[in-house]
Amino acid sequence: MRLMRTERLISPPHRHGGNSVTRIMLLVCLALAPALLCYMALFGAGILLQCLLAAGFAIACEYLVLKLRGQDPRRFLQDGSAGLTGLLFAFSISPLTPWWITLAGIFFAIVFVKHLYGGLGYNLFNPAMAGYVFVLLCFPVPMNLWPAAPGLAEQSISVGDYLGRIFSIGQIELDAISGATPLGQMQSQLAGMGMVSEILADPIYGHLGGAGWEWLSAAFLLGGLGLLAAGVIKWQIPVIMLASLFGISLVFNIIDADSYASPLFHLFSGGTIFCAFFIATDPVTASATPRGKFIYAALIGIIAYVIRTWGAYPDGIAFAVLTANAAVPLIDKLTRPPVLGERAR
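Going by this note's numbering, the letters in the sequence shown line up with residues 41 to 385, in that order.
Hint data in this document are derived by calculation from the structure and do not stem from the laboratory.
From the three backbone atoms N, C-alpha and C, an ideal C-beta is built for every residue, glycine too.
Among the clues, some could well be false.
So the derived label-pair ranges between C-beta atoms look like this [stated by the list, open to error]:
| no. | residue 1 | residue 2 | range |
| --- | --- | --- | --- |
| 1 | R114 | V379 | 18 to 26 angstroms |
| 2 | L108 | F179 | 38 to 46 angstroms |
| 3 | W350 | V181 | 30 to 38 angstroms |
| 4 | L117 | F152 | 15 to 23 angstroms |
| 5 | R63 | G110 | 21 to 29 angstroms |
| 6 | K373 | P243 | 43 to 51 angstroms |
| 7 | Y157 | R114 | 35 to 43 angstroms |
| 8 | L104 | V61 | 15 to 23 angstroms |
| 9 | K373 | S198 | 51 to 59 angstroms |
| 10 | V61 | R331 | 46 to 54 angstroms |
Below, simulated SDA-like cross-link-like pairs (lysine to any residue); rule was C-alpha separation at most 20 angstroms, straight line [claimed, not checked]:
| no. | residue 1 | residue 2 |
| --- | --- | --- |
| 11 | K373 | R331 |
| 12 | K274 | S284 |
| 13 | K274 | L67 |
| 14 | K107 | F147 |
The task is simple: from the sequences and hints, build the whole structure.
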């Protein structure tokens with residue numbers, strides 16, 4: 041019997057979903073646009089300078105590492121993951137961060153966190169958050185210098201001021217343009233036996249979070265909802281993370297409203313919304329199982345609140361993400377759904 045020859049064998053699934061790594065990275069970058077515009081409107085062009093610096097250096101590091109590994113850079117640079125890592129890192133640091141700190145964080149994120157684990161898809165930790173924590177621990181003083189809330193600075197921050205601070209060009213009066221973040225102010229005042237009701241009377245605070253910062257959180261929320269509508273991310277991780285942070289902060293706020301800030305303050309301050317939609321949802325470092333996603337997201341929310349309330353760092357989001365990343369292999373192992381026909385243990 042003569043066997044019929046087939047021209048091409050294709051394994052299932054036979055229908056492609058239309059997504060690619062390049063398309064997903066591009067959509068995430070576009071979803072950051074509302075936050076970028078809002079950031080620039082509130083605090084000036086510093087964030088744009090940091091984005092260009094971080095993304096450009098991330099792509100350069102990716103190119104050099106791929107060359108050293110004997111791989112074709114053109115094949116891997118097209119996915120856009122390096123540039124997106126740079127953008128996420130830039131949104132995590134202060135726009136007043138000196139250039140050499142930005143480059144050190146990006147180098148650590150791309151070379152040590154991403155490529156020493158094997159490249160895209162093999163890294164255990166989120167590169168942007170790992171790079172941010174690296175420079176935060178190594179250079180705590182310049183990393184905690186943030187622009188003052190809109191309307192509270194002694195002078196507006198021009199492009200020249202940002203260039204002078206980032207690239208050390210000329211002299212700049214930092215006290216005239218910088219100030220504490222709302223989370224940092226809240227933490228230090230509570231440590232000094234202040235009451236939440238009195239602390240919130242400070243003009244640094246707005247209606248929900250910090251003055252200006254709450255609008256930035258709303259811009260991140262808008263971009264995150266766009267990612268949900270486009271099918272780039274699923275609802276489980278952002279909703280559970282926000283719900284867990286809301287729930288634990290509500291419990292302590294009910295117990296003592298003068299010692300613990302409200303849940304809405306925690307949701308609309310710091311990097312909460314940014315993390316929920318753009319960091320925690322990273323498909324490489326997040327849990328892959330249905331039940332694991334709930335545990336992973338809840339872990340981030342709870343750890344972030346614990347660090348904010350009793351820890352040494354005002355925000356704690358990055359540390360919470362890295363801790364949850366480290367727990368993902370165990371979470372996935374314990375929550376792996378049984379294979380069809382497998383006997384439950």
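**Item:** Distance restraint between K373 and R331, which requires alpha-carbon spacing of 20 angstroms or less
**Value:** 11 angstroms, holds
**Item:** Status of the given 43 to 51 angstroms range, CB of P243 versus CB of K373
**Value:** 50 angstroms, holds
**Asked** Are L108 and F179 spaced within 38 to 46 angstroms by their CB atoms?
**Response** 27 angstroms, violated
**Request:** Mind checking the alpha carbons of K107 and F147 for me, to see if they're no more than 20 angstroms apart?
**Result:** With a Cα-Cα distance of about 15 angstroms, the restraint between K107 and F147 holds, given a limit of 20 angstroms.
**Hint check for V379 and R114 - Cβ pair distance inside 18 to 26 angstroms** = 39 angstroms, violated
**Prompt:** Measuring from beta carbon to beta carbon, are R63 and G110 in 21 to 29 angstroms?
**Reply:** Given range 21 to 29 angstroms: holds, Cβ gap about 27 angstroms.
**Prompt:** Does the Cβ distance between Y157 and R114 fall inside 35 to 43 angstroms?
**Reply:** 22 angstroms, violated
**Prompt:** Are K274 and S284 close enough, with their CA atoms no more than 20 angstroms apart?
**Reply:** 17 angstroms, holds
**Item:** Pairwise beta carbon distance, L117 to F152, judged against the given window 15 to 23 angstroms
**Value:** 19 angstroms, holds
**Message:** Range first: 46 to 54 angstroms. Now tell me if the beta carbons of V61 and R331 are that far apart.
**Reply:** Violated - the Cβ-Cβ distance for V61 and R331, about 26 angstroms, lies outside 46 to 54 angstroms.
**Prompt:** When you take the CB atoms of W350 and V181, is the distance between them in 30 to 38 angstroms?
**Reply:** The hinted range 30 to 38 angstroms is violated for W350 and V181, with Cβ atoms some 23 angstroms apart.
**K373 paired with S198, Cβ distance criterion 51 to 59 angstroms** = 53 angstroms, holds
In this structure, the earlier hints numbered 1, 2, 3, 7, 10 are contradicted, and the remaining ones agree with it.
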